[in-house]
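S.K.: So the chains spell out like this:
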Amino acid sequence: MSTITPEIVAEHGLNEEEYARILNALGREPNINELGIFSVMWSEHCSYKSSRRHLATLPTEAPWVICGPGENAGVIDIGDGQTAIFKMESHNHPSYIEPYQGAATGVGGILRDVFTMGARPVANLNALRFGSPDHPKTRHLLSGVVAGIGGYGNCVGIATVAGQTDFDPAYDGNILVNAMTVGTADADKVFYSAAAGMGNPVVYVGSKTGRDGIHGATMASAEFDDDSEEKRPTVQVGDPFTEKLLIEACLELMAGDSIVAIQDMGAAGLTSSSVEMASKGEVGIELNLDEVPQREENMTPYEMMLSESQERMLMVLEPGREEEAHAIFRKWDLDFAVIGKVTDTNHLTLLHGGEVVGDIPIGPLVDDAPNYDRPHDVKPAAIAAERPDVPAPTELGATLHQMMGSPNLSSRRWIWEQYDHQVMGDTVVLPGGDAGVVRVHGTDKALASVTDCTPRYCYADPVEGGKQAVAETYRNISAVGATPLAITNCLNFGNPEKPEIMGQFVGCIQGMGEACKALDYPVVSGNVSLYNETNGIAILPTPVIGGVGLMQDYKKLVRIALQNDGDSIYILGDTGGHLYQSIYAKVIQDIHVGPAPRVDLAQEKAHSAFVRGQIEDGTLTACHDVADGGTLVALAEMAMAGGKGITLDHEGDHGFWFGEDQGRYILVTSNGAALEAAASEANLSLTKLGRVGGDSLLGQSIDGLKQANEDWMPGYMAAV
Amino acid sequence: MKSAVIVFPGSNCDRDVAVALEKIAGNRPHMVWHGETDLPEVDLVVLPGGFSFGDYLRSGAMAGRSPIMKEVITRAHKGKPTLGICNGFQVLTETGLLPGALMRNAGLNFVCRDVTLKVEHANSAFTNAYTNGDEIRIPVAHHDGNYFADDDTLKALEDNAQVAFRYKDNPNGSQNDIAGIYNESRSVLGLMPHPERAIGAELGSTDGIKMFESLMASL
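Chain order of the listed sequences is A and B.
454 is the number that this note's numbering gives to position 454 of the first sequence; each next residue is one higher, with no gaps.
1183 is the number that this note's numbering gives to position 183 of the second sequence; each next residue is one higher, with no gaps.
Source of the hints: derived by calculation from the structure; they are not laboratory data.
Backbone N, C-alpha and C fix where the C-beta goes; we use that ideal spot for every residue, glycine too.
You may find that some hints are simply not true.
Keeping only pairs whose Cα atoms sit at most 30 Å apart, straight-line, the calculated DSSO-like set for lysine-lysine is [as the list claims (entries may be wrong)]:
no., chain 1, residue 1, chain 2, residue 2
1, B, Lys-1155, A, Lys-555
2, B, Lys-1023, A, Lys-556
3, A, Lys-341, A, Lys-556
4, A, Lys-208, A, Lys-137
5, B, Lys-1023, A, Lys-706
6, A, Lys-331, B, Lys-1070
Chain A is faced by these chain B residues, among others (derived, beta-carbon under 10 Å) [as the list claims (entries may be wrong)]:
no., residue
7, Ala-1025
8, Gly-1026
9, His-1030
10, Phe-1051
11, Ala-1106
12, Val-1111
13, His-1143
14, Gly-1173
15, Glu-1202
16, Thr-1206
Derived CB-CB ranges, DEER-like [said to hold, decoys possible]:
no., chain 1, residue 1, chain 2, residue 2, range
17, B, Asp-1043, A, Glu-324, 45 to 51 Å
18, A, Pro-375, B, Asp-1169, 38 to 44 Å
19, A, Gly-536, B, Ala-1201, 40 to 46 Å
20, A, Asp-367, B, Ala-1201, 52 to 58 Å
21, A, Gly-618, B, Leu-1108, 23 to 29 Å
22, A, Asp-186, B, Glu-1135, 41 to 47 Å
23, A, Thr-345, B, Asn-1027, 33 to 39 Å
24, A, Gln-707, B, Ala-1201, 23 to 29 Å
25, A, Asp-444, B, Thr-1131, 46 to 52 Å
26, A, Gln-707, B, Asn-1123, 37 to 43 Å
27, B, Asp-1043, A, Val-338, 53 to 59 Å
28, A, Ala-255, B, Lys-1118, 55 to 61 Å
29, B, Gly-1107, A, Asp-389, 42 to 48 Å
30, B, Asp-1169, A, Gly-618, 49 to 55 Å
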């Protein structure tokens, strides 16, 4: 064994203090295998060392929460003995380096987190952030990421039903690729990761282990610099066909009762899966690395423990059930190997070539992981003392046309048509709506899911921005008629060692926590991605929220498309005309300063309940929340989706039409009197805006708006 | 009508087509694993959509050589109605049960969208509930749907009225806008669009129902 020099320690991304902790934990110097294991387990990506104490403040409980954060994914009760299981995860760093494989394996990883728990995945979502459209790499990154997400999800056969894609120069050097999976399982068939039963076999299934992705977790825990492209070998390669087989094989095995515990091998592969299973079960695990199925020759223990080869799982089986399990994996042509056993030592013990090549006490490896309270400056809410008024446009209709064809409001059809959004035959609201909706197979129930975040608000005011991200998903789910139940998140930030970045993080968490609490909308799973910086330039704070809600009867759902000529159009909620941080201010007036809009959480809750009630009663023919771009943009989206015009009879200034005040919905009904009476009884502000009819909006033909909206992205992607 | 759906490793529309068959034909199809060699006695064999063997070789090439395909081909030659949807169409061309090949989409990207099809020839067990010239909305979802055949084959397909469906707005570059074709005796149909995804208004279209109704009425 080579001796551990300070250079080797530094190469593993560990600082002196952390190395001292390792010496203390072991009571001796680690060998190289042990050092590698500590380095990945204590990486930011695996240990959450900068974020843990703050994440602990988030609300995680509700009567319908079956399993909150800490397992592979969160589990909620959706009635009738069924559960929804979901999580979101980042694959930012690898996707920037190798967009196709980075994004593809991001999808593969999150799928495994969900089916590991016994769920059949039923929906994929994503949230993507790219740099300026003018940046020379943006086209290449966008086309690679979209192809990668599609290439993986389409092959595996899981519908990709919703997502979000934004452009901002802050992501020029660090794109964000966040992938979410929602699955369903029977409540008595949810599987967990705690290993148990002395002597029980530890079984490896799936693909063979190769040398790919070694130190991926460590890469994802550091800033980029000009040499980052040299990190390409740390990016894994996805095999969606094997993943599909793995899903079917695991679900077939899970239908029986031979599994004690199961865990996917994600970041830090065999290391994190075995350590987590042992730690959760408060047992030890002994692995004989000679038995690990290997793709390449002469792999060292170090390589095997740190490989991030994809499509692999680790299980603990009931004793004597190996052959029955092996038969299933043989049918699906997947590797199956007993590679170790559960022990009572509370150590992770590694054997190779008959020798002990690693022996680490699990307790210190997990519990002594650094847990930093990093200095943080939470930015005050109002920024920029000098802030100009946001001027009015010369012509509302022409401005709307310009906005609908701008990069951040244009149609994402070019993206979502590359995703199979209908496979499995249960997608009832397609991409382009407020939330993706899939039926719970064989029932009238449906799950509505969505991803959202408005980073420019988070930058202007982390606390309000954190609240807004949660509230917007709550609104999106409510707008189709579903009851929002819980969230997952993917918290993307810059370098936490900088107090202003840590301040963004802490502020956003505070806002998210307040919103989750007020809305009874807890966090059940999540992921943190820090160090999204290149040469010292950080991304915008981007706490992406993935929300899930439940509808009892999908036949009652409402979409954004206008349905009937003559229907009355209303806006629910007051419009103060908040133009700072709006798309209008940024795109039309080039004004980027000023505070983010405020979120009134009590009002969010009341509005959501009202909207859901009206949908349940069948009063609404269409519904859409008001978000990016404000009221006029929301109306245009509804008009384009329905291919119908709108006659406005409400007078308002540009603040009214383009302001981004929160908590508002556009409600469309054939029975205006009933809606007005209901709003009045609920004491809510409802304003009539106009009627459905004709083929234009503010003098702009709907076809013309649609063309502007649909043409931008294909035109951009086709340009060289 | 009794039917069988062949399940290859990587098939992912096997359940969807089974749901459609059960909904309209009223009984569950046999789900037959590709590694089997025995095929139950059925009135219809379906090769479903998906990515058999990951499409890592040519789409459908590996599946066309699965053990069960020997029996599927034998029965098809005897006139047993055989339906290939999407990846199933690719398998049918790989086995030679249908002529031509499905190449990468002309736009190079995967494409999932509703398309309008013109029913070209409705005189088969698969299509007789439609009328020639009907326009129907059915989704496509594929990367390799660009139908290609040599000039003689194309001419024969047209002359023998073997083109079942044509795209109104060609999404993939297929020759003659071909979306689906029959074999000469009209006992085999392969098509890229997914009729099993168009069986309810909530899914966006009901225009696929008539294909299953045609089969019900005929078989």
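S.K.: Should the hint that A/Pro-375 and B/Asp-1169 are 38 to 44 Å apart at their CB atoms be regarded as holding?
M.R.: 59 Å, violated
S.K.: Just to be careful: measuring from the Cβ of B/Glu-1202 to every Cβ in chain A, is the smallest value less than 10 Å?
M.R.: The hint holds - B/Glu-1202 has a Cβ within 10 Å of chain A, the shortest such distance being about 5 Å.
S.K.: If you take the shortest Cβ to Cβ gap from B/Phe-1051 to chain A, is it below 10 Å?
M.R.: Since the shortest Cβ distance to chain A is 4 Å, the answer is holds.
S.K.: Take the C-alpha atoms of A/Lys-208 and A/Lys-137, compute the straight-line distance between them, and say whether it is at most 30 Å.
M.R.: 34 Å, violated
S.K.: CA of B/Lys-1155 to CA of A/Lys-555, is that 30 Å or under?
M.R.: 47 Å, violated
S.K.: For the pair supplied as a hint, B/Lys-1023 and A/Lys-556, is the alpha-carbon distance within the 30 Å limit?
M.R.: The hint holds at about 21 Å.
S.K.: Was the hint right that B/His-1030 lines chain A, CB cutoff 10 Å?
M.R.: 18 Å, violated
S.K.: For the hint on B/Gly-1026, does the least C-beta distance to chain A fall short of 10 Å?
M.R.: Violated: closest Cβ of chain A sits about 16 Å from B/Gly-1026, beyond 10 Å.
S.K.: Does the interface hint hold: is B/Val-1111 within less than 10 Å of chain A, judged Cβ to Cβ?
M.R.: 6 Å, holds
S.K.: Range hint 40 to 46 Å: satisfied by the CB atoms of A/Gly-536 and B/Ala-1201?
M.R.: 55 Å, violated
S.K.: Starting from the hint 45 to 51 Å, judge whether the C-beta atoms of B/Asp-1043 and A/Glu-324 obey it.
M.R.: Given range 45 to 51 Å: violated, Cβ gap about 36 Å.
S.K.: Could you tell me whether the CB distance from B/Asp-1043 to A/Val-338 stays inside 53 to 59 Å?
M.R.: Distance hint for B/Asp-1043, A/Val-338 is violated at roughly 46 Å.
In summary, the structure is inconsistent with hints 1, 3, 4, 5, 7, 8, 9, 11, 14, 16, 17, 18, 19, 21, 23, 25, 27, 28 and 30 from the numbered list given earlier, while agreeing with the others.
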